[in-house]
Amino acid sequence: NAGVTQTPKFQVLKTGQSMTLQCAQDMNHNSMYWYRQDPGMGLRLIYYSASEGTTDKGEVPNGYNVSRLNKREFSLRLESAAPSQTSVYFCASSEALPRSGGPSYNEQFFGPGTRLTVL
Amino acid sequence: AQTVTQSQPEMSVQEAETVTLSCTYDTSENNYYLFWYKQPPSRQMILVIRQEAYKQQNATENRFSVNFQKAAKSFSLKISDSQLGDTAMYFCARTGANNLFFGTGTRLTVIP
Numbered sequence: 704n705a706g707v708t709q710t711p712k713f714q715v716l717k718t719g720q721s722m723t724l725q726c727a728q729d730m731n732h733n734s735m736y737w738y739r740q741d742p743g744m745g746l747r748l749i750y751y752s753a754s755e756g757t758t759d760k761g762e763v764p765n766g767y768n769v770s771r772l773n774k775r776e777f778s779l780r781l782e783s784a785a786p787s788q789t790s791v792y793f794c795a796s797s798e799a800l801p802r803s804g805g806p807s808y809n810e811q812f813f814g815p816g817t818r819l820t821v822l
Numbered sequence: 012a013q014t015v016t017q018s019q020p021e022m023s024v025q026e027a028e029t030v031t032l033s034c035t036y037d038t039s040e041n042n043y044y045l046f047w048y049k050q051p052p053s054r055q056m057i058l059v060i061r062q063e064a065y066k067q068q069n070a071t072e073n074r075f076s077v078n079f080q081k082a083a084k085s086f087s088l089k090i091s092d093s094q095l096g097d098t099a100m101y102f103c104a105r106t107g108a109n110n111l112f113f114g115t116g117t118r119l120t121v122i123p
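Chains as they are written, first to last, in the working numbering: chain C, 704 to 822; chain V, 12 to 123.
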């Protein structure tokens, strides 16, 4: 099993360019997530998908769109990149949404990250 | 605000010694999960240990253990017999309604 894979690993864009970050998981997980990691800050949720066909905004969704293409794949699109979107982007997946208070929790598995620089 | 705070941006420890990383959090929920993730220079996020808030017993995983104080909303990580491979960023995290809330991280350096 490859786990969670992300492409590309590195990308440099000019302001205003668009691009799509790809994420795929082979663990048959229902839920998938996109986070960004900025210096001096922890990971912050951009969007998540509880199951195939559904997507919802996270903490910092502005400037991004997502597509849950199928159960395996969850892509993140920057329509018009801005320098403020320079960051490291992580995709993650889990069997189900994290539930506080429930007897079970399913671990989130992370991809290796994509380092994006917007000039 | 439901936040996770790590007040130690950087720490160092001699190889084979013990080090404790601090984490406090805020939540209005009674039951939740807490985690410590390790991020080595490879950037991969690796789950080190997790604690279920409704369990009073502190979690342990080999050389890693936690001190969970629910009333104080405190969740510290103790690393015993530190090894060079423990050098990494460590993030504390807490479950929210639909995601994880992360602290800002502590950069740990193990000195030979």
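Incorrect hints may appear among the rest.
As the list claims (entries may be wrong) - Computed list of chain V residues with no C-beta within reach of chain C, every gap over 12 angstroms: (1) 26; (2) 28; (3) 94; (4) 96; (5) 97; (6) 98; (7) 110; (8) 120.
Said to hold, decoys possible - Chain C regions said to be covered by chain V (calculated; three or more residues, Cβ under 8 angstroms): (9) 736-744; (10) 764-775.
Since the hints were derived computationally from the structure, they do not count as laboratory data.
Where a beta carbon is used, it is the ideal one built from N, C-alpha and C, also for glycine.
How the hints compare with the structure:
no., hint, result
1, 26, "27 angstroms, holds"
2, 28, "26 angstroms, holds"
3, 94, "22 angstroms, holds"
4, 96, "18 angstroms, holds"
5, 97, "19 angstroms, holds"
6, 98, "18 angstroms, holds"
7, 110, "4 angstroms, violated"
8, 120, "17 angstroms, holds"
9, 736-744, "holds (count 3)"
10, 764-775, "violated (count 0)"
When the structure is compared with the earlier hints, violations turn up for hints 7, 10 and for no others.
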